[in-house]
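Participant: Spelled out, the chains give:
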Amino acid sequence: MSQANRPLSPHLQIYKPQITSVLSIFHRFTGIGVVLGLPILVWFLCDLAFGDLNEGLFATVMLSSFGKILLGGWTFCLAFHFCNGIRHLLWDMGWGFELPTVHCTGWIVICASFIITGVVWVWIACRGGLCL
Amino acid sequence: MIGKTPGRAINKTLKGSGEGSHAWLSQRVSAVGLLLLSLWLGFFLLRLVGKSHSEILVCFKNPYQITCFSLFLLFSFYHGWLGLVEVIEDYAHCPCIKGILKIIVLLSFLFLGVLGMISLIKLFMG
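Residue numbers (the working numbering), protein chains in the order written: chain A, 2 to 133; chain B, 3 to 128.
Derived by calculation from the structure, the hints in this document are not laboratory data.
Mixed in with the good hints there might be a few duds.
Derived lysine-lysine pairs resembling BS3-like cross-links, with alpha carbons at most 30 Å apart [to be verified]:
no. : chain 1 : residue 1 : chain 2 : residue 2
1   : B       : K63       : B       : K100
2   : B       : K63       : A       : K69
3   : A       : K69       : B       : K53
4   : B       : K124      : B       : K53
5   : B       : K53       : B       : K63
6   : A       : K69       : B       : K124
Values in this document were obtained by computation on a predicted structure and should not be read as measured data.
Please model the complete structure; the sequences and the hints are all you need to start from.
Facilitator: As structure tokens, then:
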């Protein structure tokens with residue numbers, strides 16, 4: 002059989018979404034999300050070290066509603082990847098392979114990510130919101 | 003059979019290239035480090051909220067905080083690089099595009115990582 006005619010393995014969208022597969026692909030998405038946020042963190046450091054924080058482009062971008070949505074998304078990505086990462090490390094140690102446990106820890110990860118994101122932003126709001 | 007197979011081929015077949023397990027282990031070790039470091043980063047950044055510019059600069063004068071921040075940058079860029087290479091390996095099918103993407107990721111991560119480190123040093127010393 003030639004290279005081009007080989008049967009393809011079924012792609013992701015063929016399967017019915019389940020908490021196991023959805024969380025698995027979300028681990029990747031949020032990982033990419035966290036990585037995309039790292040330049041913002043470096044930009045923050047760079048601006049703080051070499052620029053005037055009050056008049057810089059960084060403050061203008063990050064304090065706009067677009068910037069806040071970005072930071073909110075980054076918070077969620079970090080929270081999810083952190084929680085689900087713990088789940089993955091536990092699997093690597095051989096714990097939690099039973100299906101009910103997998104489902105239970107999955108829901109814990111989902112709830113915890115939303116709770117962490119919520120707590121972080123309520124806390125930020127209580128401290129007077131973001132202002133540079 | 004084995005006697006007729008060149009030794010290096012046997013090694014390749016039985017032991018693999020030896021690189022896969024290294025990446026796997028590095029990813030887990032950096033993940034464990036990041037569990038602690040990202041918790042630290044979260045609390046560090048949240049404590050900056052509501053502070054004035056000069057108060058924020060004071061927070062970066064602490065050698066332990068700067069060390070933790072540097073470690074976070076180091077670990078997160080390393081972990082992120084390993085992760086992105088895995089994603090590229092999975093989804094980029096053309097070997098040429100695969101190679102180009104990996105080089106772009108490596109170079110941009112090196113640039114950002116070093117830029118972050120230099121900013122931290124400036125904040126600490128300046």
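Participant: Taking the hints in turn, state whether each one holds.
Facilitator: Structure-based check of each hint:
1. B:K63 to B:K100: Violated. B:K63 to B:K100 sits at ~42 Å, over the 30 Å cutoff.
2. B:K63 to A:K69: 27 Å, holds
3. A:K69 to B:K53: 18 Å, holds
4. B:K124 to B:K53: 20 Å, holds
5. B:K53 to B:K63: 15 Å, holds
6. A:K69 to B:K124: With Cα atoms ~27 Å apart, A:K69 and B:K124 stay inside 30 Å; holds.
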